[in-house]
Amino acid sequence: MLLAVLLTSCATTSKPATFFQLTPSSAKYKALQSRIIETSNDNELLSASAAVLQDLGFQIEESVVDAGMLRAVKERSARKYSQEIGRVFVFLLGILGRQIIILPVDLHQQIAATLIMHPVKNSTSHYNVRIIFHRTIWQSDGSSGAQSIPPGLQTMEMIYNPEIYQQFFAKLSKSVFLEIHQI
Amino acid sequence: MNGRFLILSFFFVLQACSTGSTKPPENLLSLTEAQMKIRSYQTRVFDLSDQQKTLRAVVSALMDLGFIVERVNVPMGLVTAAKFGNSGFIEATVMIKPKGDSQIEVRVNAIFNTKPIEDPKAYQNFFTTLQKSLFSS
Numbered sequence: 001m002l003l004a005v006l007l008t009s010c011a012t013t014s015k016p017a018t019f020f021q022l023t024p025s026s027a028k029y030k031a032l033q034s035r036i037i038e039t040s041n042d043n044e045l046l047s048a049s050a051a052v053l054q055d056l057g058f059q060i061e062e063s064v065v066d067a068g069m070l071r072a073v074k075e076r077s078a079r080k081y082s083q084e085i086g087r088v089f090v091f092l093l094g095i096l097g098r099q100i101i102i103l104p105v106d107l108h109q110q111i112a113a114t115l116i117m118h119p120v121k122n123s124t125s126h127y128n129v130r131i132i133f134h135r136t137i138w139q140s141d142g143s144s145g146a147q148s149i150p151p152g153l154q155t156m157e158m159i160y161n162p163e164i165y166q167q168f169f170a171k172l173s174k175s176v177f178l179e180i181h182q183i
Numbered sequence: 001m002n003g004r005f006l007i008l009s010f011f012f013v014l015q016a017c018s019t020g021s022t023k024p025p026e027n028l029l030s031l032t033e034a035q036m037k038i039r040s041y042q043t044r045v046f047d048l049s050d051q052q053k054t055l056r057a058v059v060s061a062l063m064d065l066g067f068i069v070e071r072v073n074v075p076m077g078l079v080t081a082a083k084f085g086n087s088g089f090i091e092a093t094v095m096i097k098p099k100g101d102s103q104i105e106v107r108v109n110a111i112f113n114t115k116p117i118e119d120p121k122a123y124q125n126f127f128t129t130l131q132k133s134l135f136s137s
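Residue numbers (the working numbering), protein chains in the order written: chain A, 1 to 183; chain B, 1 to 137.
Treat the hints as calculated values from the structure; they're not laboratory data. None of the hints are false.
Within a straight-line C-alpha distance of at most 27 Å, the following computed DSSO-like cross-link-like pairs (lysine-lysine) qualify: (1) A/15 to B/121; (2) A/30 to B/132; (3) B/115 to A/15; (4) B/53 to A/30.
Residues of chain A placed beyond 12 Å of chain B at every Cβ, according to the derived structure: (5) 55; (6) 57; (7) 97; (8) 106; (9) 107; (10) 142; (11) 145; (12) 166; (13) 170; (14) 174.
The beta carbon of each residue, even a glycine, is placed where N, CA and C say it ideally should be.
Please model the complete structure; the sequences and the hints are all you need to start from.
In structure tokens:
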């Protein structure tokens, strides 16, 4: 019975039909990730966006002007003090239990940004800019007793922190303002 | 000694069988009825004429669905996007091409953890979202 319940719970989480279904949070994320910016020059807006991403330390990997798309990445260390302390603590506990337990910690991360812009319906002077941030984290090696855990385990996650999006759009609106009103 | 030889030769026979069965099937590239059916689930024709506008609607539909757009090829009308959930990795490829002068054909195919998605409901859901995106942008 328990097995059946477990099996059905697995089946619901990986049901393909739900992959292409809007969720209640879709609209919330869309609002978080999009802004409407007033400009009639889409190329100017795209290059301003690229410049803001560069200011934020990103490398532009791909740009498709006709689709109003940019893809940029930045590499950073993912080390955290809390994880290191946790690792030492678990290691000491393991020694007490006469086992060597080394927890894998986050080592490196790649933060990626995908930006898409398109004109607002029935308007020639307004553009909808949407950016999505996500990151991939690589973990170090570890060991649990007799078994060693190889390094390089990857985890991916979307970034929904409102401050990151606000920061990007604040910089972009300033930059668009500067580029349009050049003195 | 004799028994050991027998077991050993038995393994050889087994191995010969296994190498024989790795030959690719003869109908590997032939179009089966099931494939035709899947193609029809994956394709939808819209009464539109602007290919670029349709491509932008596809991109925003995918983003609304939480996908990360990986590649866009405007002249070819190709969009590749991916999404990661709790249970795995989903990758979708969308092809947008004109059909005659007043219609556009959109074909999407998706894989989930390297396995093709064959559930028609998944594609139906995609086209419902695309329709919303087409008429709102």
